[in-house]
Amino acid sequence: MQPFHHPSTPRSYTRNAVSHPDSPTVEKESHIGSEAAARQAREAADNVVKEYEQKIAILDGGIVKLQYLVSDLKNFNKQQWEIRYPCLSTLPSSSRQTHPSSTRPGLSRRTLTYADDGSNPLEVMLASTPTARRGIRRSLTMLGDDPALDASTSASDLPDVCLNEQSPPRVDEDDFSILRLDLNLGVDRHAKTLINRLEKASISSLLDSRFSASLDHLGLLRKRIHDAQSRVLVTGDLNAGKSTLVNALLRRHEIMPTDEQPLTTRFVEVVNAKENDGVEEIHVLDSNTKYDPSDRSTFDIMPTEKLAEMVADAESDATSPPLRIYLREASGESYNPSILHNGVVDISLIDAPGLNRDSIKTTANFARQEEIDVIIFVVSAANHFTLSAKEFIWQAGHEKAHLFIVVNRFDQIKDKDRCRRLVLEQIKQLSPNTYEDAADLVHFVDSAKVAFGFSDEDGGEDIDEAFAHLEHSLRSFVLVNRSKSKLGPAQNYVTRLLADVELLASANTLVATKERDVAREQLAKVKPVLEQMKRGKEGLEESLVSEEEAATTLACSRSKQAMERGLERVGRGEMAAPSPGLFMPAYPGILGVWDYAQEIRKALLASLDFAVTLAEDDARQITSSSLNNIAVIGDKHLPPDAPRSNRVFNPAAMFSARPPRSPSRSSSVSTVGLGLSRQSQLTDVTLADIVDLHHHFFLARSHITSNDVTSNELVPFAAEVSGLGAVSVAFGAFSMLNGKSFGIRSVIESMIRLSDFASSPAVRRWAGPIIGAFTLGLTAYIVYDLPRSVPRNVGRHLQASLLASSGLQGDMAVASFPDAVSSRIGREVRKVMRLGAWEIRELHRAAVDSRAQVVKENEEAERKANAALDHFQSIDRRVQEIRDAVAEVKV
Numbered sequence: 011m012q013p014f015h016h017p018s019t020p021r022s023y024t025r026n027a028v029s030h031p032d033s034p035t036v037e038k039e040s041h042i043g044s045e046a047a048a049r050q051a052r053e054a055a056d057n058v059v060k061e062y063e064q065k066i067a068i069l070d071g072g073i074v075k076l077q078y079l080v081s082d083l084k085n086f087n088k089q090q091w092e093i094r095y096p097c098l099s100t101l102p103s104s105s106r107q108t109h110p111s112s113t114r115p116g117l118s119r120r121t122l123t124y125a126d127d128g129s130n131p132l133e134v135m136l137a138s139t140p141t142a143r144r145g146i147r148r149s150l151t152m153l154g155d156d157p158a159l160d161a162s163t164s165a166s167d168l169p170d171v172c173l174n175e176q177s178p179p180r181v182d183e184d185d186f187s188i189l190r191l192d193l194n195l196g197v198d199r200h201a202k203t204l205i206n207r208l209e210k211a212s213i214s215s216l217l218d219s220r221f222s223a224s225l226d227h228l229g230l231l232r233k234r235i236h237d238a239q240s241r242v243l244v245t246g247d248l249n250a251g252k253s254t255l256v257n258a259l260l261r262r263h264e265i266m267p268t269d270e271q272p273l274t275t276r277f278v279e280v281v282n283a284k285e286n287d288g289v290e291e292i293h294v295l296d297s298n299t300k301y302d303p304s305d306r307s308t309f310d311i312m313p314t315e316k317l318a319e320m321v322a323d324a325e326s327d328a329t330s331p332p333l334r335i336y337l338r339e340a341s342g343e344s345y346n347p348s349i350l351h352n353g354v355v356d357i358s359l360i361d362a363p364g365l366n367r368d369s370i371k372t373t374a375n376f377a378r379q380e381e382i383d384v385i386i387f388v389v390s391a392a393n394h395f396t397l398s399a400k401e402f403i404w405q406a407g408h409e410k411a412h413l414f415i416v417v418n419r420f421d422q423i424k425d426k427d428r429c430r431r432l433v434l435e436q437i438k439q440l441s442p443n444t445y446e447d448a449a450d451l452v453h454f455v456d457s458a459k460v461a462f463g464f465s466d467e468d469g470g471e472d473i474d475e476a477f478a479h480l481e482h483s484l485r486s487f488v489l490v491n492r493s494k495s496k497l498g499p500a501q502n503y504v505t506r507l508l509a510d511v512e513l514l515a516s517a518n519t520l521v522a523t524k525e526r527d528v529a530r531e532q533l534a535k536v537k538p539v540l541e542q543m544k545r546g547k548e549g550l551e552e553s554l555v556s557e558e559e560a561a562t563t564l565a566c567s568r569s570k571q572a573m574e575r576g577l578e579r580v581g582r583g584e585m586a587a588p589s590p591g592l593f594m595p596a597y598p599g600i601l602g603v604w605d606y607a608q609e610i611r612k613a614l615l616a617s618l619d620f621a622v623t624l625a626e627d628d629a630r631q632i633t634s635s636s637l638n639n640i641a642v643i644g645d646k647h648l649p650p651d652a653p654r655s656n657r658v659f660n661p662a663a664m665f666s667a668r669p670p671r672s673p674s675r676s677s678s679v680s681t682v683g684l685g686l687s688r689q690s691q692l693t694d695v696t697l698a699d700i701v702d703l704h705h706h707f708f709l710a711r712s713h714i715t716s717n718d719v720t721s722n723e724l725v726p727f728a729a730e731v732s733g734l735g736a737v738s739v740a741f742g743a744f745s746m747l748n749g750k751s752f753g754i755r756s757v758i759e760s761m762i763r764l765s766d767f768a769s770s771p772a773v774r775r776w777a778g779p780i781i782g783a784f785t786l787g788l789t790a791y792i793v794y795d796l797p798r799s800v801p802r803n804v805g806r807h808l809q810a811s812l813l814a815s816s817g818l819q820g821d822m823a824v825a826s827f828p829d830a831v832s833s834r835i836g837r838e839v840r841k842v843m844r845l846g847a848w849e850i851r852e853l854h855r856a857a858v859d860s861r862a863q864v865v866k867e868n869e870e871a872e873r874k875a876n877a878a879l880d881h882f883q884s885i886d887r888r889v890q891e892i893r894d895a896v897a898e899v900k901v
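Take any residue in the sequence shown, note its place counting from 1, add 10, and you have its number in the numbering used here.
Derived by calculation from the structure, the hints in this document are not laboratory data. Some clues are possibly wrong.
Each computed SDA-like pair below joins lysine to any residue, with the alpha-carbon atoms no more than 20 Å apart [what the hints assert, rightly or not]: (1) K300 with R261; (2) K524 with V536; (3) K75 with I235; (4) K537 with D645; (5) K424 with L434; (6) K612 with K900; (7) K494 with K88; (8) K494 with D70; (9) K88 with S516; (10) K84 with S215; (11) K612 with L592; (12) K900 with S212; (13) K84 with S219; (14) K612 with V695; (15) K646 with A856; (16) K547 with K646; (17) K400 with P332; (18) K535 with A862.
Please build the complete structure, drawing on both the sequences and the hints.
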């Protein structure tokens, strides 16, 4: 095939196609031209190389800084802050009608939600400022926060970035490209059931994986910009003619197998044989080992004749080891060398399986494009772009702003203008930068006729010229414009990643600001209350103790006074307290006097039981009133929103009967309270209850203290007694036979005194009259005074017994009846009061603890929010620094 030129191709194509000083073309011109021209050409080439190396250094520095930035963001997301993923969507149509369009460019109203919480939409202003290399600097501002923003700015009809459309979404200025999350849960896209159900930790984890993928890709970009080799991937839809195009570019139609049905099932990389010492052969790479041409163990060698068989193997798939085939260039004066044969850089062509062959091969194509520099996308003129083709171009556009698009088999189309128009319209949506340079990047050809070296009679020359233009544009793009083909994808990826990081930081700045403000608001509300509660704790304790002591003291004193008054009435033979249904028994006569005395004892003791009941009721009222006072104290010291006690005081539960703690206490006077009439030691009747001669002939102490006086401590009426007195003493001693005071010594002394009295002449002379008088008096007493004296006698004895303190009984102190009742009532009141005070203390403690926890959590939230704001602000500065540095690389 003879050299040719497209009409639009400059005549200097042969010279400009290879600009390296060591290329054969430059050497030829150096012989033709003057030495000065050759020297200028070499200097120009050297300047081009130096400029290219400078661009590599600048871009490499920007990538390194971006790697550190993304790593810091990844660590910050994992350790200090759960980064939220923003979802920007257009405003409802009603809202757009409310706010008319604004003339300010670069501003648009958006509804902002977050992937983990779609229930609280916010209206924000999105500012998009174009930067160098068609990048976008993006920031979000809450409406109302910046008065300079026009609240009536319109919202263009942009898709919801949280929705995964059935067709690949267009990369808009407010859309994520590199850090985009696929949030489709496999349901209808209008159902709004995206990832909102996930927690923040889940979103953070998904973002963490995107950060890791970005870091890996940045590492690949660094290797690619420093690699002298340019790798060109030829991909496209199934049976679109990819292998045929590769053969046409190689000038050898027999290399890649072709057929009407799909053949290529694995990746085949074609390299100039000079990199393999001029030997043509196939290297079958080991998928588990890094390929090294000098290490025979990293590949297997196969002859080139086996290529068709290996490529078309039905059992092979995209996971099969790729092939690397080394080919020699054909020689001859009339031979136009292929794109592999040049003196500037090493170029390899990679033939890929069809995109829509199956999901595994399509996924492999998506992954492989990250390792190459230039993409030639082959489209069938009859089918245009399929869904998988659109998805691939959109995905590749994250890095490669410019793609070579070859519309193959164009000669088979009758209405070529319509086909050209439809294809270009689709390209405009899929890759705007490619559309802008469509004259050099979009080509309508028929690769088969070029590969097999013949042309159609009707327009074959046009087809040859079209393919020549394609080849010239590809050479220029790969060789001459290496900054655009080699550095451009890296710069484009860096620019897009910076825009994504900027948008992510801006959205999370809003989150951090809101969380900081909420935390500060909570602290301003809760912290003063907490400090006030801490200061009032001592006053609360004093108030509770004071109320407890006051209630206990009052109940004790009033119960003791009530018992003392009751005992005074009992001492007079009266009821301790009037009780309905309780009366003094009727006198049954002389024969029933003993039972009469016992019934009187029981009645008086029952009245004392009733008096104790009245004292307990009084104590219940005192306790209830004091508990109300405690509730008032609690209301005073507890904040209004703190919970209150839900306990209800049950007065009837006080003084409930309990089993005795020990057998000894059951018979002790200190257990006297209710049930006195059932205690045998108090209901037993003595002779003194009926005829109390001690009371008539001896003077008992008028007041018996509970400390040093007992009920049987008597005082003689006179130091010396007469005979009548001696007789009364004898009768008194005799009456004590059935009493507690009875003793052997008293009996002996009484008998001695009686014998002395009987031996006296005076006693014998007056004995008869005296005995007779005494008998008459005694009879009168028994008949007339006994019904009235028995209650008084019984009452006095009960009073003396219950007022007496017997000191220690075993290891326990036995108190008098009033003290015992007072102590018992005081203990019960104190117990109930302490329970009520304890609950107030617990409510206060719980309120303090809960507010302390709220303060701690909000202080921690404020600290984290401030740290996040500082971090995101530093990210903004670093993003701008990297963007400015990368913008210096003019591609």
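*asked:* So, against the hints stated earlier in the document, which numbers end up violated here?
replied: 1, 6, 7, 12, 17
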